[in-house]
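Engineer: Sequence:
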Amino acid sequence: MAINGFRAEHKQFPYARASLAPLLPNELLSRPASDPKLVDVISLTDFYRLRASISARAPAPPGLHRYATAAPHASGAGALPEVVFGNMKCNGGAPISLSKVRDALYLRPLILGLFASISDTGAAKRALPLDAPFALEPVSDELEGMNRLDGTPLWTPKSAPNGMPVGGIPTLEAALPLGLPRPIALPPAKIASINDTCGNFSGWEAFSIDELTRRYGERAHYIEMARQKAVDLVAAGYLLEEDEAAAIHEIEAQLPENYR
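Quick note: the sequence shown uses this note's numbering, first residue 548, plus one each step.
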């Protein structure tokens, strides 16, 4: 409510306003002597529904650390289809597969890193990893599924050769995708009320067995690639060593049974 108030002459309301842009970093952090540290983690769908590019492209004041993940704002892992497509009428009420990509394991190092950066006890030894924002490109007028803002230019993540966004925390799901978010933000992607959250979900087009084989070879080769990526993530500070096995298990559990 307080953040919303900055954008509406200090009026308070229970959710974001459709006609208001996100706050810029220097509006949140405007007093260097006393400003807190801010770890800004942006989900993929936030660029389509919440106009995240307005703040993501603004200059970063001291104390701001930026990260982005290929996970949607709301994972489909625990979402009930009858709620998403029935009650909420997302995608016009037509059920489709939802992205189950999660970034929970990759947020844990950021929480501990933030604690370490503000701790004066010396008890916490972890530091924040290098900032990892998405590389962005201007939104074309033809792009559908955007929550636009009165002609204000918006940007969305560029696509890498593997179909996932360029940049961001190189999670296993982003580095070794098993499918692609299609559509990236379920329509209608708007913020008219706290109930209009369809744009927080991503659809999901899983790769066929032939496509998985073309990209990664055999199942065992894919798992070995995931293990090596996980080692790199731990070394770079984006994944805790104690979460390495869990990250591999999460993505291995998504492999089709008939992918051999």
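Think of the hints as simulated: they come from the structure by calculation, not from any bench. Just to be clear, a hint being listed does not mean it is correct.
[Claimed, not checked] Straight-line Cα separation of at most 25 Å, DSS-like style, residue types lysine-lysine; simulated pairs:
| id | residue 1 | residue 2 |
| --- | --- | --- |
| 1 | Lys636 | Lys705 |
| 2 | Lys636 | Lys776 |
| 3 | Lys636 | Lys647 |
| 4 | Lys584 | Lys636 |
| 5 | Lys647 | Lys584 |
| 6 | Lys647 | Lys737 |
| 7 | Lys705 | Lys776 |
[Claimed, not checked] Using C-beta positions, here's what the derived DEER-type ranges look like:
| id | residue 1 | residue 2 | range |
| --- | --- | --- | --- |
| 8 | Glu804 | Glu752 | 44 to 52 Å |
| 9 | Ile741 | Asp697 | 40 to 48 Å |
| 10 | Pro583 | Asp697 | 26 to 34 Å |
| 11 | Pro642 | His796 | 22 to 30 Å |
| 12 | Ser644 | Ala739 | 23 to 31 Å |
| 13 | Pro642 | Ser666 | 44 to 52 Å |
| 14 | Ile770 | Ala565 | 42 to 50 Å |
Model, not experiment: these values are computed from the prediction. Cβ atoms here follow ideal geometry from the backbone N, Cα and C, with glycine treated the same way.
Engineer: Sort out which numbered hints this structure fails and list those numbers smallest first.
Structural biologist: Going through the list in order, the structure violates hints 1, 2, 4, 5, 8 and 9 and respects the others.
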